[in-house]
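Enquirer: Each chain is listed here by its residues.
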Amino acid sequence: MTTTERTAASYFLPSDEPLGLVFPDGAAADAPALPMPADDVLLRLYRGMVSGRRFDTQATALTKQGRLAVYPSARGQEACEIGAILALRPQDWLFPTYRDSMAVVARGVDPVEVLTLLRGDWHCGYDPYGANVAPQCTPLATNTLHAVGFAHAARAKGEDTVSLALLGDGATSEGDTHEALNFAAVWKAPVVFLVQNNGYAISVPLSKQTAAPSLAYKGVGYGMPSMLVDGNDAAVVHAAVEQAVARAAAGEGPTLIEAVTYRIESHTNADDATRYRERAEVEEWLERDPIARLKRYLTDHGLLTEQVQQEIDARAEDEASALRERMNVDTVLDPAELFEHVYAEPTAALRDQASELAAELEERA
Amino acid sequence: MTATLDTTVSLAGALNRALGDALAEDERVLVFGEDVGTLGGVFRVTDGLASRFGDSRVFDSPLAESGIVGTAIGMAMNGLRPVVEMQFDAFAYPAFEQITSHLAKLRNRTKGRVELPVVIRVPYGGGIGGVEHHCDSSEVYYTHTAGLRVVTPATPGDAYSLLREAIDCPDPVIFLEPKRRYWEKGSIDPALSSPGLDRAVVRREGSDVTLISYGGALDTTLEAAEAAEEEGYHAEVIDLRSLAPFDLATVAASVQRTGRAVVVHEASRFCGYGAEVAAQLSETCFHYLEAPVLRVGGFDIPYPAPNLERHHLPDVDRILDAIDRLQWDDSAPLRDGEA
Ligand SMILES: Cc1ncc(C[n+]2csc(CCOP(=O)(O)OP(=O)(O)O)c2C)c(N)n1
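Chains as they are written, first to last, in UniProt numbering: chain A, 1 to 365; chain B, 1 to 339.
Counterexamples of contact, computed for chain B against chain A with all Cβ distances above 10 Å:
#, residue
1, Trp-183
2, Ser-207
3, Asp-321
For lysine to any residue, the following SDA-like pairs were computed, each having C-alpha atoms within a straight-line distance of at most 25 Å:
#, chain 1, residue 1, chain 2, residue 2
4, A, Lys-295, A, Thr-60
5, A, Lys-157, B, Arg-113
6, B, Lys-111, A, Leu-140
7, A, Lys-188, B, Arg-57
8, B, Lys-111, A, Leu-333
Facing chain B, from chain A, some residues (calculated, C-beta under 10 Å):
#, residue
9, Trp-93
10, Gly-130
11, Ala-147
12, Ala-153
13, Ala-154
14, Thr-347
Treat the hints as calculated values from the structure; they're not laboratory data. Glycine is no exception: its CB is placed at the ideal position from the N, C-alpha and C atoms.
Hey, can you work out the whole structure from these sequences and the hints?
Expert: Dropping the structure here:
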């Protein structure tokens with residue numbers, strides 16, 4: 001079917017139920033709406049999720065040791081974080097939020113540089129141009145517009161670059177999400193919007209966030225194809241993002257994907273999730289664990305041997321201990337740097353203030 | 001440069017020429033916003049640019065200010081130099097979050113690795129009989145935000161050079177256009193070197209008092225200076241041009257000579273830009289001052305309806321009055337809310 005043959009409804013509307021490729025019991029969908037990723041991709045997704053979770057639990061442990069000021073865990077959301085990142089091509093750009101440290105690390109940014117923000121040393125510790133990752137965004141939904149502008153510029157310059165904007169279910173209520181979806185659709189910008197619907201915006205459940213049948217419907221009114229997928233199924237997230245990236249790269253414009261998942265931990269280590277959700281609900285989602293599910297599939301299909309599993313675990317453990325070691329070092333920060341990155345050149349007033357601070361520090365020393 | 005020497009144009013025309021020259025010289029420059037394409041902007045500042053440069057360089061965006069600024073940020077991250085138009089001062093407020101949380105801060109957050117050469121053009125201020133939400137003087141919302149440069153031309157010559165410099169500048173610039181000056185004619189000379197993006201200039205020399213102003217209020221201030229001459233006061237008039245950074249050196253040098261200063265702007269006085277100027281002058285020129293630095297500004301009220309705006313905007317009499325009060329006499333009773 002070509003685009004023109006499709007009716008608006010069949011082209012744009014998401015499915016009623018989330019699409020899946022690998023079910024919680026490890027069984028594969030028998031009439032898949034999206035292509036199952038190749039075996040080696042599935043194995044890479046699995047590795048990535050194991051490493052990602054180990055990174056996440058390590059970061060959470062670092063908050064307990066006082067090494068991180070705060071950490072918003074993405075535990076339970078590995079299929080979204082890793083499935084999406086592995087579907088990007090090297091030239092593509094990621095526009096992440098505070099929740100997406102795991103995705104930023106999976107994209108190739110040094111984990112210590114990623115954690116610079118959460119350690120409280122500087123607002124962004126990595127060079128965005130190094131791995132094509134924008135600074136992690138704290139104000140909700142504002143990153144979606146940056147993704148659109150970036151992608152639009154890429155097309156204007158004749159470059160084959162797609163932007164992936166990550167956002168949460170709560171962020172879909174912000175005005176910027178709507179402006180971004182509209183701009184992207186009108187400009188046919190090569191952007192993929194991935195909504196990680198993890199059920200809550202801090203304490204507010206989805207039912208108080210939207211009256212739409214699903215968040216995937218948010219794309220429909222703006223004129224873009226929208227998909228609803230199982231966000232705990234790395235295979236389907238990967239397939240959906242890959243298809244959306246291909247559409248964008250082919251000049252067919254943006255896609256919105258809602259991935260239904262769950263945040264296993266609290267909003268951040270400072271939050272108490274027991275105040276707003278039942279333990280039984282968490283238990284239910286633990287049954288749908290994205291890592292266990294893909295492991296079942298891979299094992300059942302003879303793709304994951306005990307030896308490979310050990311090697312994957314060992315590597316994740318090594319990465320975590322290397323991170324722990326590097327984070328267990330007291331950092332030395334240079335207060336003079338405060339004044340250096342406000343403008344291209346410090347103004348006269350900032351030079352004065354730098355001297356003022358230097359004098360204060362000398363006096364105190 | 002495509003502009004010729006000593007051309008007489010309106011301030012809006014000078015801006016148009018600056019945009020045209022910048023678009024012609026640097027293909028990374030692009031202009032977008034509401035109605036800036038076919039219509040040429042509601043004040044015609046972008047007139048003819050879309051047909052000259054094509055709709056991939058000059059184009060109408062969807063109607064959403066946060067969207068305009070947010071996408072401009074993404075474009076600048078990817079190597080372009082967007083110049084965007086906010087249709088009127090108060091309609092830039094939906095973009096406030098993008099401006100303050102991202103445009104101003106991305107350089108700092110990334111230790112200088114992300115540079116955002118974005119210009120946001122904002123027609124601002126009153127004096128044209130505009131209806132509600134079309135007359136705000138919004139400068140201090142931006143000057144209070146570190147990381148932004150804020151400039152405002154008061155003459156066609158400055159409109160041209162400041163806009164060219166703003167577009168070339170690696171920092172984000174809030175470019176405030178005093179809309180009541182759009183039709184003011186003057187000469188532009190692109191070949192003459194400009195005093196610089198962050199420099200104030202002395203528009204009129206004098207020895208008795210320094211009048212400090214900018215944007216829409218500058219002309220009223222110059223008129224007041226002429227009138228003061230008749231009363232025997234030689235007033236120096238400084239046009240700030242750049243509100244952030246503030247050119248303290250130029251202003252303080254003048255005030256140290258004259259010993260008296262009045263800051264004139266049309267924005268409300270409370271926490272207005274004049275408060276900053278007065279504070280800096282009292283910190284740096286205290287021993288030179290013969291009297292407190294006075295502020296002449298609009299009242300602390302929402303911008304009034306068009307038929308009342310003349311009562312709000314500072315006029316020549318109010319400025320002359322302030323000059324009179326500067327001839328400091330401790331026995332004179334202070335007026336309520338003044339000085
Ligand atoms: C503009 C804005 N308003 C409020 C906040 C405070 N805040 C931080 S996270 C959050 C909830 C976000 O929920 P969601 O978008 O679902 O993402 P999640 O945290 O679940 O990944 C809120 C309200 C913010 N960061 N930005």
